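Colleague: Chains as they are written, first to last, in my numbering: chain A, 1 to 106; chain B, 1 to 143.
These are computed hints drawn from the structure, not numbers from a lab. Since the model is a prediction, treat every value here as computed from it, not as a measurement. Where is the CB? At the ideal position from N, CA and C, for every residue including glycine. Hints may contain errors.
As the list claims (entries may be wrong) - Once the Cα atoms are required to be at most 27 Å apart in a straight line, the calculated DSSO-like pairs of lysine-lysine come out as:
| hint | chain 1 | residue 1 | chain 2 | residue 2 |
| --- | --- | --- | --- | --- |
| 1 | A | 80 | B | 35 |
| 2 | A | 90 | A | 44 |
| 3 | A | 90 | B | 134 |
| 4 | B | 94 | A | 80 |
| 5 | A | 80 | B | 29 |
| 6 | A | 103 | B | 35 |
| 7 | A | 103 | A | 44 |
| 8 | A | 51 | B | 35 |
| 9 | A | 41 | A | 29 |
| 10 | A | 90 | B | 72 |
| 11 | A | 51 | A | 69 |
| 12 | B | 29 | A | 90 |
| 13 | A | 11 | A | 51 |
| 14 | B | 76 | B | 100 |
| 15 | A | 69 | B | 100 |
| 16 | A | 80 | A | 29 |
| 17 | A | 103 | A | 69 |
| 18 | A | 29 | A | 11 |
| 19 | A | 80 | A | 41 |
| 20 | A | 51 | B | 29 |
Unchecked claim - Listed next, the stretches of chain A that the computed footprint assigns to chain B, with coverage defined by at least 3 CB atoms under 8 Å from CB atoms of chain B:
| hint | region |
| --- | --- |
| 21 | 13-24 |
| 22 | 56-68 |
| 23 | 81-92 |
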Amino acid sequence: MSFSVSTEISKNVVILTLEGELDSSTAPKLNEEVQKSILNKPDKLVMNLEKLNFMSSAGLRIIIFARQKMGSAARLILVKPQEQVVETLKITGLLSSVSIVDKYQE
Amino acid sequence: MNLQSESRIFSATLDALDPIREFLTNTGKAAGLEKNRIYKLCLAVDEIATNIISYGYNEPAKKDGTISITVKSDHKVLTVICEDFGVPFNPLEKPIPGEKELSLPIEERPVGGLGIMLAINNVDEFSYRYENNKNMNIFHIML
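So that you can see chain A by itself, here it is in the shape it has in the complex (with noise of 0.2 Å):
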C-alpha cells in the first residue's frame, strides 16, 4: 500500500486526488500539495477522495489547517469520501467545515 496525490489548477479551483493510505507517514506528501495549493488563496480547494483507503488523523490536521488558511469564504469539498472516512469527520466535529459530494461538478 502506499499513497499518492495529483494536483490541477485551473482559475481559482484546484483540485487534488488522493489515493491509497493516508497516515503519518504518507501525510507529509499531502501536506506539502496542500501547502502550495493554497498559497495562491483558491476560492475551492476539492480534493477527490474516491480512492482513498484509509485516513487517520494526520488527515483530519490537513484539513484543519488547509480550512484555517484558507479563510471563511473559501470552500473546501471533499468527492466521494468513503463511508469511514465521513465516519472520522462526524466524530471529530469536522463534518460541517467541509462541503461533501458525489461529483464535482464546476
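Go by the hints and put chain B onto chain A.
Modeller: Below, chain B alone, put in the same frame as chain A:
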C-alpha cells in the same frame, strides 16, 4: 476460523504503520471481523502506534525502539495488545476534546487530542497499563 493468538514485532518507525495495519487486517479477518470494524481497529491502533513512534521513542537513548502487537481472540472478544518500551504515556490521562472544543468554529479549533479520541472511540473498550517498564495499550472488540 478461530484465531487464538498471534504476535508480531515492528520497528518504531512511521514506515511500520502500513505493515501494522496489514497485520491487523489479516488477523481481524481470520477472527471473522467485518470490513468496517477492521477499519476502525486499524484506525485506533494506528493512532496509538503513531504516538509511540513520534513521542515515546523520541529520546536518543530510546532510539531503535520496537512495538510489539499481539492479537488474541476467543468466541466473544478480540483483544489487541500493543506494547512498547518508550517513555511511560497513558493516553487516557490526556484531555481529549469535548463537545465544546469540537463545536468551535474551525478557525479556533485545537488540533491536539484528535488521534487519541479516535483511538478510544473506534473500539469497544480501551485500557492502558504500565508494567515491567512497558506501556501496554489494550483494545477490545466484541465479536
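Colleague: List, from low to high, the hint numbers that the structure doesn't satisfy.
Modeller: Numbers 3, 4, 10 and 14, in rising order.
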